[in-house]
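**Q** Chains E and U supply the protein sequences, listed in that same order. If you number the first sequence the way the numbering used here does, the last residue is 395 and the count never jumps. If you number the second sequence the way the numbering used here does, the last residue is 413 and the count never jumps.
Hints are supplied without guarantee of correctness; some may be wrong.
To be verified - Covered by chain U, according to a simulated footprint, are these stretches of chain E (three or more residues, beta-carbon under 8 angstroms):
no. : region
1   : 197-210
2   : 286-293
3   : 304-318
4   : 327-339
5   : 356-362
Said to hold, decoys possible - In silico lysine-lysine, DSSO-like type, Cα no more than 27 angstroms apart, as pairs:
no. : chain 1 : residue 1 : chain 2 : residue 2
6   : E       : Lys389    : U       : Lys282
7   : U       : Lys377    : U       : Lys310
8   : U       : Lys268    : U       : Lys340
9   : U       : Lys367    : U       : Lys313
10  : U       : Lys313    : U       : Lys377
11  : E       : Lys273    : U       : Lys139
12  : E       : Lys132    : U       : Lys139
13  : E       : Lys153    : E       : Lys389
14  : U       : Lys282    : E       : Lys238
15  : E       : Lys153    : E       : Lys273
16  : U       : Lys340    : U       : Lys367
17  : U       : Lys313    : U       : Lys286
18  : U       : Lys310    : E       : Lys238
19  : U       : Lys367    : E       : Lys389
20  : U       : Lys282    : U       : Lys306
21  : U       : Lys282    : U       : Lys268
22  : U       : Lys268    : U       : Lys306
23  : U       : Lys313    : U       : Lys340
Keep in mind that the hints were calculated from the coordinates and are not lab data. All residues carry an ideal CB built from backbone N, CA and C; glycine is no exception.
Take a look at the letters that make up each chain.
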Amino acid sequence: MALERDKHTAQRALLTLHEAQLLELYRRMVLIRQFEEKTAEMYARGKITGFCHLYAGEEAVAVGAIYALYDKDYVVSTYREHGHCLAKGADPKVVMAELFGKVTGISKGRGGSMHLFDQDLRFMGGYAIVGGGLPIATGLGLSVQYNEGPEVVCCFFGDGALPQGAFHESLNMASLWKLPVVFVCENNFYGMGTLVQNAICQEELYRFAQPYKMPGVRVDGMDVLEVYGATMEAVARAREGDGPSLIEAVTYRFRGHSMSDPVEYRSKREERIWQERDPIKNLRRKLTVERHVAEGRLGEIEAEVARQIDDAVKFADESPEPSVEELGKGVYAGS
Amino acid sequence: MPQLNFIQAINTALAEEMERDPLTFLMGEDVVLGAFGATKGLIDKFGDKRVRNTPISEAGFVGAAVGAAMAGTRPICEVEFASFFYCAFDQVCNQAAKLRYMSGGQARLPITFRAVFGAMGGAAAQHSETVYAQFLSVPGLKLVVPSGPSDMKGLLKSAIRDDNPVIVFEHGALGRLKEEVPAGDHLVPLGKAAIKRAGDDVTVVAIGAMVPKAMKVADKLAKDKVSVEVLDPRTLIPLDEEAILSSVGKTNRIVIADEGHLRGGAAADIAAIVAEKAFDSLDAPVKRVASLDVPIPFSPPLERAAVADEARIEAAIREVLGS
Numbered sequence: 061m062a063l064e065r066d067k068h069t070a071q072r073a074l075l076t077l078h079e080a081q082l083l084e085l086y087r088r089m090v091l092i093r094q095f096e097e098k099t100a101e102m103y104a105r106g107k108i109t110g111f112c113h114l115y116a117g118e119e120a121v122a123v124g125a126i127y128a129l130y131d132k133d134y135v136v137s138t139y140r141e142h143g144h145c146l147a148k149g150a151d152p153k154v155v156m157a158e159l160f161g162k163v164t165g166i167s168k169g170r171g172g173s174m175h176l177f178d179q180d181l182r183f184m185g186g187y188a189i190v191g192g193g194l195p196i197a198t199g200l201g202l203s204v205q206y207n208e209g210p211e212v213v214c215c216f217f218g219d220g221a222l223p224q225g226a227f228h229e230s231l232n233m234a235s236l237w238k239l240p241v242v243f244v245c246e247n248n249f250y251g252m253g254t255l256v257q258n259a260i261c262q263e264e265l266y267r268f269a270q271p272y273k274m275p276g277v278r279v280d281g282m283d284v285l286e287v288y289g290a291t292m293e294a295v296a297r298a299r300e301g302d303g304p305s306l307i308e309a310v311t312y313r314f315r316g317h318s319m320s321d322p323v324e325y326r327s328k329r330e331e332r333i334w335q336e337r338d339p340i341k342n343l344r345r346k347l348t349v350e351r352h353v354a355e356g357r358l359g360e361i362e363a364e365v366a367r368q369i370d371d372a373v374k375f376a377d378e379s380p381e382p383s384v385e386e387l388g389k390g391v392y393a394g395s
Numbered sequence: 091m092p093q094l095n096f097i098q099a100i101n102t103a104l105a106e107e108m109e110r111d112p113l114t115f116l117m118g119e120d121v122v123l124g125a126f127g128a129t130k131g132l133i134d135k136f137g138d139k140r141v142r143n144t145p146i147s148e149a150g151f152v153g154a155a156v157g158a159a160m161a162g163t164r165p166i167c168e169v170e171f172a173s174f175f176y177c178a179f180d181q182v183c184n185q186a187a188k189l190r191y192m193s194g195g196q197a198r199l200p201i202t203f204r205a206v207f208g209a210m211g212g213a214a215a216q217h218s219e220t221v222y223a224q225f226l227s228v229p230g231l232k233l234v235v236p237s238g239p240s241d242m243k244g245l246l247k248s249a250i251r252d253d254n255p256v257i258v259f260e261h262g263a264l265g266r267l268k269e270e271v272p273a274g275d276h277l278v279p280l281g282k283a284a285i286k287r288a289g290d291d292v293t294v295v296a297i298g299a300m301v302p303k304a305m306k307v308a309d310k311l312a313k314d315k316v317s318v319e320v321l322d323p324r325t326l327i328p329l330d331e332e333a334i335l336s337s338v339g340k341t342n343r344i345v346i347a348d349e350g351h352l353r354g355g356a357a358a359d360i361a362a363i364v365a366e367k368a369f370d371s372l373d374a375p376v377k378r379v380a381s382l383d384v385p386i387p388f389s390p391p392l393e394r395a396a397v398a399d400e401a402r403i404e405a406a407i408r409e410v411l412g413s
């Protein structure tokens, strides 16, 4: 039922959003896809080291949800957060520089791929402990409520976070105190290599909303408009003071858990089925068929993004490493 | 100057700081009721918005305090007993401690955690542990261990005004200890040790509840013409190394008394610093007096035997003096 309703919401968004808005959604998804493809390339070339988790395939979730927010709203993410950070408005240059470990990076090279952070954009961090960001998102919501602010907190996490105590503790508190938090679960079916139904007894993850007395919906996470529509509703509810919601966005990561994952736990056939549902192709089809946007216009966007990504790599490559003399600084405020 | 006990000193510091800064608020298990007295009555003064009971959900509410700080408030978060921190280790050690550094200095984390610790008579292993050693090797935290009411008030007020995550450990057996506490803006800086008693023959670095014990021993030994200097570091991070090294430079002998366990404890840490930096001034090996490496037992005689007492401090002093 929920899915049926959300298809209508998505259709309405397709018909009512201005063309410029739809193109912006398209641009953001393309930006993330190209950024991640370039990241994989730079990783293979040894320019990026360490743990690195790509978001390709899941773009519709970050872009759809974050497009439903105002600039002043907060976003909390995971270690697979390049997409959320870019969707929140970060310059790909400083994100790429962070992946390169450079001092010009968004976290000055101290965080790396898993710990992007931008206080001004209210992108409140990537968290590399599964479920670790949820209590923090709840606390951001508590602070907003304390200050009687208008902001909403949008908290992303994967299906792997649901068996964590932090998930349950956070949903309980957020609901108990009616905090303005939208919990967005990106269900990509695998926690590393463990299938979701082998990790949690209730694999329809949105159903965890019910015991915590909040609305819960499952949406097609490969459809940016559906994610956008569901998040708009949840955000409106949060902003009205009616408390949190849980959105389960069903999605798929096109690559492995991390760059070192050979993805031996799923079939090529399964991957092909999901690639057919590529969120970017999906929106492209809708834009050209139903909104009669010229192919050429979309091509221009892609070319413009490609230039931006090239600039980002150049910037990252040419930026200096952090100075070792600065190593001990910044552990404490005022140090 | 008013006479206050340890608990009243906490209550006074909280009330004054909450009065001073409307961005501060209290959260934690049963802070409304204030079961141990520290937060008692604050609800009447500040209301339920600023004195918030949390569910028994340490990972959740400790993390919520971290998030709340990041969005501009200054939470004072009570974790009833310090052993409960184990439920919230991720939020304290992975999140609160690291976020500022990991974000290239952007995340703001003005949080004060308060927790009761220590052997207090029959609370058994899961309520009696001295857990600060577990946080000593986590850069990004500050650790405060007050030994009496006056320091308690001054250190807690400084902790609340500090822009970092600070854990204030309140020894559960010090509750009734009374002394004169300066009224109003009495601030004790974090990172400044106190010489609680000056002496020439031996330095006793005493932490938390070991301070009153060391003072009694010093009184007793004074009758035998042994002059004991009792140094209270007051904060373990930052640690006033200079004060410790300067005292050892004078007395040439050191005993470190701590309620934590012997292995990997605060006493071990301070002993290593002294051995590395003041070896040449030592006339005797560094001596640690700490809790035995057993979980704190329930049985009163076993509990007393597990934790360092005056007799063991005295024996250690006599050992380093060769007397």
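**Q** Work down the list of hints and note, for each, if the structure agrees.
**A** Outcome of the hint check:
Residues of the region 197-210 of chain E with a Cβ under 8 angstroms from some Cβ of chain U number 10, which satisfies the need for three, so the listed coverage holds. Proximity of the region 286-293 of chain E to chain U, defined as three or more residues with a beta carbon under 8 angstroms from a beta carbon of that chain, is not established by the 0 residues found. Counting residues of the region 304-318 of chain E whose CB falls under 8 angstroms from any CB of chain U gives 0; the rule of at least 3 is not met. Interface restraint, the region 327-339 of chain E with chain U: violated (0 residues with C-beta to C-beta distance below 8 angstroms; minimum three).
Coverage of the region 356-362 of chain E by chain U is violated. Counting CB-CB distances below 8 angstroms, 0 residues qualify, and the rule asks for three or more. Restraint check: the Cα-Cα separation between lysine 389(E) and lysine 282(U) comes to about 21 angstroms, which is no more than 27 angstroms; the hinted pair holds. The straight-line distance between the Cα atoms of lysine 377(U) and lysine 310(U) is roughly 20 angstroms, inside the 27 angstroms bound, and the hint therefore holds. At roughly 31 angstroms between alpha-carbon atoms, lysine 268(U) and lysine 340(U) are farther apart than 27 angstroms, so this suggested pair is violated.
Proposed proximity of lysine 367(U) and lysine 313(U) is contradicted: the alpha carbons are some 32 angstroms apart, above 27 angstroms. Of the supplied pair hints, the one linking lysine 313(U) and lysine 377(U) holds, its CA atoms being roughly 23 angstroms apart against a limit of 27 angstroms. For the given pair, lysine 273(E) sits about 22 angstroms from lysine 139(U) by alpha-carbon distance, which is consistent with the 27 angstroms threshold. For the given pair, lysine 132(E) sits about 23 angstroms from lysine 139(U) by alpha-carbon distance, which is consistent with the 27 angstroms threshold.
Among the hinted pairs, lysine 153(E) with lysine 389(E) is consistent with the structure: their alpha-carbon atoms are about 24 angstroms apart, no more than 27 angstroms. The straight-line distance between the Cα atoms of lysine 282(U) and lysine 238(E) is roughly 43 angstroms, outside the 27 angstroms bound, and the hint therefore fails. Our distance criterion of 27 angstroms between C-alpha atoms is broken by lysine 153(E) and lysine 273(E), whose separation comes to about 42 angstroms. Only pairs whose Cα atoms come within 27 angstroms are accepted, and lysine 340(U) paired with lysine 367(U) is accepted, the gap being roughly 14 angstroms.
Taking the CA atoms of lysine 313(U) and lysine 286(U), the gap is near 18 angstroms; set against the 27 angstroms cutoff, the hint holds. Between the alpha carbons of lysine 310(U) and lysine 238(E) the distance comes to roughly 59 angstroms, so the proposed pair goes past 27 angstroms and is violated. Distance restraint check for lysine 367(U) and lysine 389(E): the Cα-Cα separation of roughly 23 angstroms lies within the 27 angstroms cut-off, and the hinted pair is therefore satisfied. Using a Cα cut-off of 27 angstroms, the hinted pair lysine 282(U) and lysine 306(U) holds, with the two alpha carbons roughly 23 angstroms apart.
Distance check on the hinted pair: lysine 282(U) and lysine 268(U) sit about 22 angstroms apart at the alpha-carbon level, within 27 angstroms; holds. A threshold of 27 angstroms between alpha carbons decides the hint, and for lysine 268(U) with lysine 306(U) the separation of about 15 angstroms falls inside it, so the pair holds. For the proposed pair lysine 313(U) and lysine 340(U), the alpha carbon gap of about 21 angstroms is at most 27 angstroms, so the pair holds.
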